[in-house]
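Given only the sequences and the hints, what does the whole structure look like? Please build it.
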Amino acid sequence: MRTLSISMTTGRGRHNDHPLGDYERVRISMERIKDQLLDQTRDPSLTREQSDQAALRLRQVKDDINAIRYKHDHHALKAMMEKYG
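In this note's numbering, the protein residues as written are 1 to 85.
Simulated from the structure, these hints should not be mistaken for laboratory data. All values reported here derive from a predicted model rather than from experimental measurement. Take the hints with a grain of salt, since some may be wrong.
What the hints assert, rightly or not - Restricting the straight-line Cα-Cα distance to at most 20 Å, the calculated cross-link-like pairs of lysine-lysine (PhoX-like) are:
| no. | residue 1 | residue 2 |
| --- | --- | --- |
| 1 | Lys62 | Lys78 |
| 2 | Lys83 | Lys62 |
| 3 | Lys34 | Lys62 |
| 4 | Lys83 | Lys34 |
| 5 | Lys34 | Lys78 |
Below, the structure is given as structure tokens:
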């Protein structure tokens with residue numbers, strides 16, 4: 001499992017995990033996947049089934065983005081890190 005936490009150095013040289021850094025990294029990853037899926041749904045060379053699968057995955061990614069957008073639940077964020085990280 002890959003961890004996406006970033007460390008910030010305090011004035012005393014100690015490192016603290018910064019959950020907002022995790023949120024931003026996962027959010028960026030999710031947005032990139034969303035953009036790729038948007039492109040796929042508009043690709044005329046895909047079969048109807050492939051296009052439908054891309055559209056379904058796109059809805060799932062959008063739902064996941066919304067799940068962490070409004071409530072910064074650490075457990076939900078951790079699940080998204082594992083899924084999209």
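How the hints compare with the structure:
For the given pair, Lys62 sits about 17 Å from Lys78 by alpha-carbon distance, which is consistent with the 20 Å threshold. With a C-alpha separation of about 13 Å, the suggested pair Lys83 and Lys62 falls inside the 20 Å cut-off, and the hint holds. Only pairs whose Cα atoms come within 20 Å are accepted, and Lys34 paired with Lys62 is accepted, the gap being roughly 7 Å. Straight-line distance between C-alpha atoms of Lys83 and Lys34 comes to about 14 Å, which keeps the hinted pair within the 20 Å bound.
Restraint check for Lys34 and Lys78: satisfied, since their Cα atoms lie roughly 19 Å apart, inside the 20 Å limit.
In summary, the structure agrees with every hint in the numbered list given earlier.
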